[in-house]
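Q: Residues per chain, in single letters:
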Amino acid sequence: MLKISDLVKRYGGGEPVLKNLDLTIEGESVVSIIGSSGAGKSTLLRCINRLVEPTSGSITLNDTELTRLRGAELRRARRKIGMVFQGFNLVDRLTVMENVQSGRLGYISTWAALTRRYPKDDIRRAYELMERVGIAHYADKRADELSGGERQRVGVVRALMQKPEILLADEPTASLDPKTSEQIMGLLRDLSRELKLPVLINIHNVHEAREYTDRIVGMRYGRIIFDDLPQALDQEAMDRIYSGSPAADRAGGLKEAS
Amino acid sequence: MTLSDARRDDWTRFSLKQRLQRYAVLAFTLLAIAWAVSSIEVIWAWVWDAPEQMGDLFGRMIPPDPTNLAAILRVLWETVNIATIATAFAVILSLPVAWLAAQNTTPNRATLWVGRFILVSSRSINTIIWALLFVAIFGPGIVAGIVAIMFRSIGFVGKLLGEAIEEIDKRPVEALEATGASRFKVIAYAIVPQVMPTFWAVSILRWDINLRESTVLGLVGAGGIGIILQGAIDTFNWREAATVLLAILGLVILGEIVSAWLRRRIL
Amino acid sequence: MSPARIDGPTSGPDVPAGAAGGATSGATAPRDHWRKPSFIANPVARWLVYGGAILYVVWTLGTLPIDWPRVAEGVERAGRIFGGAFPPSFERSGLLIDGFLESLKIAILATFGGVLLSIPIAFMAARNIVPRAVFYLGRAIIIVARSFHPVIVAIIFVKAVGFGPLAGVLTLIVYSIGFVAKMLAERIEEIDFGQVEAMRAAGAPYLSTLIYAVVPQIMPRQVGLTIYQLDSNLRASAVVGIVGAGGIGSTLANAFGRYDYDFALAITMVIVGAILLSEAVSGQIRKRL
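Residue numbers (UniProt numbering), protein chains in the order written: chain A, 1 to 258; chain B, 1 to 267; chain C, 1 to 289.
In isolation and in its complexed conformation, chain A is listed as follows (with noise of 0.2 Å):
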């Protein structure tokens, strides 16, 4: 269970990015935040791996506490989160066996990682992972050979290669086709179901978020302005979260928010 009560971040001096922000996610269901760029989307997800360090409040997952860890603590906590990213994030000069290992990398050893020796076990669920994808064949082609539907479901694999006990994913779909965008929303939801694995997905597309998400959560100014099940996003909710914000600003999201 995720759960996150009277967080705030502020960068410098100005008006804080998140406004005590309170959100809690129990089980294994498919949560997506929509919410204009600049909401606060990104910046909320990026709190809970800590890439971006919270000002005040608390985060906690599955009991442990995560606002205060350091060093070595915050990387075991990491390990316990699975991240996907709009830019896929992978290493493009290395196979794609080692961008899936290096999920591992919180737990093998130095030596193990430098000379690509993984645990055997390593290998096994990676094949079994990228089988899953459709990707297994690709194994030892190079990260930049792929298309981007193919990338992205190697960042997939490389954040379930974690045993990860949340998965993140901030836009997932921004980069990608529509055909393909939806193949990706599907594989998430059917790999929480296959996994019982919670999944938090910040997202541009509405109708994406209404088809494969089991609830939605509409942010607006740092703020959390709607939670509840798609069917109830009707259209005076989805003008709540995005009223005064011309469409050219949310298609000028897509490409940039991050």
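Result set (DSS-like, lysine-lysine): computed pairs, CA atoms no more than 30 Å apart in a straight line:
| # | chain 1 | residue 1 | chain 2 | residue 2 |
| --- | --- | --- | --- | --- |
| 1 | B | K170 | A | K80 |
| 2 | A | K163 | C | K36 |
| 3 | A | K120 | A | K80 |
Treat the hints as calculated values from the structure; they're not laboratory data.
On the provided structure of chain A, position chains B and C as indicated by the hints.
A: Just chains B and C now, with coordinates in the frame of chain A:
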């Protein structure tokens, strides 16, 4: 301003301010040259004499004398060894320096400045000056040459590698930090693969440069073909000097061909 | 709040192998072996390359004539040199300034002469402008100028025209040609040939074509190269002086020869400072061009 106001028969390439700037730059350049010409301590008779002297010198080089060719080629091979071994060690030693001197990998401010200090001192002191120092320490011979070239190369390779580290795509770094990998593993998996192409390109480039540099080490006693050249020149054996010069020319051209081939092969 | 919550303990991190999908549950044994594909695919060639490299390094290092007693002595000597070098002595700063100004003059004159000579040579060495025979001649000049380290060139000039700044200027002119003419020739080969054709179509003679269609396209590069070369020449003039070609390098060599290590350190510091300064200035100017 309407069209009729403009005097259409008066066209100049530049505006007045641009022209003034250009004249100022030109005047400054001419002044600098005039100052240099007027105050440099040169016996002008020698200057007018120089072409004749050069012709005379080259005349005495013909035909090149190949009697010592075997010895020359052996020392030429030694020259290649100096360049290669020194480049190899310099490249390895420059890795930690580059790591220190790159803003995004250095542990803290102090280490950043240590890294930069090493780079600057290595780079600003020429190989020959390093060689003077190491000949004093190790005595004349190729060891001093290797160490001198190494010291000069560390700064060159380290600077370019450090810049490459600063320019990497930071997104994979973020992704690996999110997996809970340690700092060292993040460097090994997200940064090292990204700077590998630069690493090879810079190493090959430096090897090519070092090949040229190692041909002159002998002039200060630090080994290599320069010793034979110096000997030939000192004894006015110009025909042997010509052979050595041709050998150096061949070596450098061969080096360029090899490094071009390696670059195509590896990159 | 959350209608879609599924209660119960979060499923632990351990995912049974089968749960990852039915695709693997075929007859094939689980794949648990992976090796990174090697850069050199052929194993024989790979081991030949690796083995050759190791053999080369071991053999070369093994045959290095290191005279350990001499090195031990040398370390002591280094101690003496460094001891003698501190604190650096600026007592004879007159000599230092004279040497430095001479280096500056050498650099200025060599840049002027070198760039002037580079322009016709660059045109000669541009494949798209001149006949094939001239092209080969131009390239040959550049290759010879580039191949010899300035110190070698300096020694020859010192023998030909005597000690002093003249040899330095001549050396650095050759050095400048090697770099400026090469870069300029490459730029000329990249020019937009449409402009040349337009001029020719207008009936312009050969020289006017060069001035109107080629020169404007290479001018910005030429200015940048000149400034860069001035900076390089200043650096190089500190070195060629060591073999007698004038400038601050000669001052340094003299100080070293007379065991005036404190003065040598002062000179080295001035050289380093001047190089850093000129690098910064030339970088700034080239950025603004």
